[in-house]
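**Q** Residue numbers (the numbering used here), protein chains in the order written: chain A, 3 to 303; chain B, 3 to 303.
Careful, some of the hints might be misleading.
Which copy is meant is left open, so a pair is good if it fits within one copy or across any two.
20 Å max Cα-Cα, derived SDA-like pairs, lysine to any residue [unchecked claim]: (1) Lys25 with Ser98; (2) Lys31 with Ser209; (3) Lys13 with Glu112; (4) Lys277 with Phe32; (5) Lys277 with Glu260.
Honestly, the hints are just simulated from the structure, not real lab data.
2 protein chains.
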Amino acid sequence: MTADLIQDQFKSLQDYICQYLEKVDGSAKFEEDLWQREAGGGGRTRIIRKGNVIEKGGVNFSAVEGPVTDLMKKQLQMEGDTFFASGVSIVLHPNSPKVPIIHMNVRYFELNTGEYWFGGGIDLTPHYIVPANARKFHLHLKSICDAFSHDAYADYKKWADDYFYIPHREETRGIGGIFFDHLKASEGIAKEQILDFCLALGKAFPSIYEEQVNLGKHLLFSEQEKQWQLLRRGRYVEFNLVNDRGTKFGLVSGGRTESILMSLPASANWEYDFKPSANSPEAFTLAHLKKGINWLSEELQ
Amino acid sequence: MTADLIQDQFKSLQDYICQYLEKVDGSAKFEEDLWQREAGGGGRTRIIRKGNVIEKGGVNFSAVEGPVTDLMKKQLQMEGDTFFASGVSIVLHPNSPKVPIIHMNVRYFELNTGEYWFGGGIDLTPHYIVPANARKFHLHLKSICDAFSHDAYADYKKWADDYFYIPHREETRGIGGIFFDHLKASEGIAKEQILDFCLALGKAFPSIYEEQVNLGKHLLFSEQEKQWQLLRRGRYVEFNLVNDRGTKFGLVSGGRTESILMSLPASANWEYDFKPSANSPEAFTLAHLKKGINWLSEELQ
């Protein structure tokens, strides 16, 4: 299985997801920017904005290659002279505070030494946590993981809890999901199976989000709920700029800034020391931005 | 000169600046939060919001002490078992896009080895660059620097250009100002003189800002200019969360998050790949967010 084949599959995945999301939105269409990277390769950035459902989002494909820089050696702790990397990366910010923010990423990395790995993940950031909806989301992820390997959901769910965490706030970014990195063939698992797992995740992504959209998009919301959404977006910005290793690596390694920072919302607010009132839905959400919650449990309802 | 004395001077400086800024604003009053740090020391966070002039800002004093952690050793590259650090740190975000954002900081650091240093700086971030106003700002800084040492303005102006820079945007944060760090007594310069320089900078700060406020606050602005302000605030957020070493150190070393992140604006926007139209005031501003501009020159007018 060559890098070219993987790249083509990721490209088709981007096409599939964009078409599906345009139907989910019902109004906005993706705009496309093709870009090339000086040191080798390039990408296809697709942005959707001012839609019925999605206020701002991106579905990016890239396939870059070139010499391994000192910075990459330091960050990746791997040997090799040249690398190839391809992936699809998605963030969607909805208009409504009753619809969650979502992120998905699948990626493949290869060195000229022959070493390679896959990574990826999907996580959901509701502005208002609704346990029944969170359960639906995690059930889908579990089902995709179970088809791949017995321990995958438990392992990757924990990995997501640890990765999508904002230490300076002592909060998770949202209700998590799954995250995995450095997956390579091992006893009992072939390279093709890992690719298929990534593709299954990507294929399932738009319908998983469609479900979340349909659960929230018809709900009315108040100005106060809109303000809360803007504060939660502020936290999303903090995570992406302070804590997200992918964003940081992209920015310092000379990636295309506008493609990387498509993950930021159209607008975000910060209010000094804001504390939601006791027993409010906002306080309920804050109390559930914690690691280790079993979202599959029906007892949370 | 003891650490206690320096701390008292910084505290008085905070009082002086807050009183002055309340007059400049003409409406809002500072709210105060006292906080203590588990490992030793604490601070006095003062926040101003929803004023006539200032939409959101903070004037923070802190004096913290305790064991030197491994993280600090790594970041500061200094030996010592215990440290003391005190400072005043300010960011003000105005309502009007015609009034600049401003930042000021003075700080003192001491180790139980006897080693110590001062640092600080002041920089201005106009949403719209007006060279005549930038010149006034830099003339004040030059005059304070000249009273301290012959090369200070040239050295610290360059330092600010390099420090207040956003590499992933290839932009400076604003029109710079001065920045200095690790200042200690040397031949011809006593510790008291460095403290006096820091205090002179702090004392001058509110009147320097008052001048900038008065140059802009009566100007009308359009909705389009307000939108540009929100995009420029987005860049301010990027600098503070991605590039500012002070913010990063504060967050990872367990500082008080709400005090550190008072530097973020009430609201900020991101728009994918926004480019101002040719020959617009926005394009003029972007073209001048560069290192190495001599703002003292009258030829920029």
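**Q** Hint compliance check: list the failing hint numbers for this structure, sorted ascending.
**A** Result: no hint breaks.
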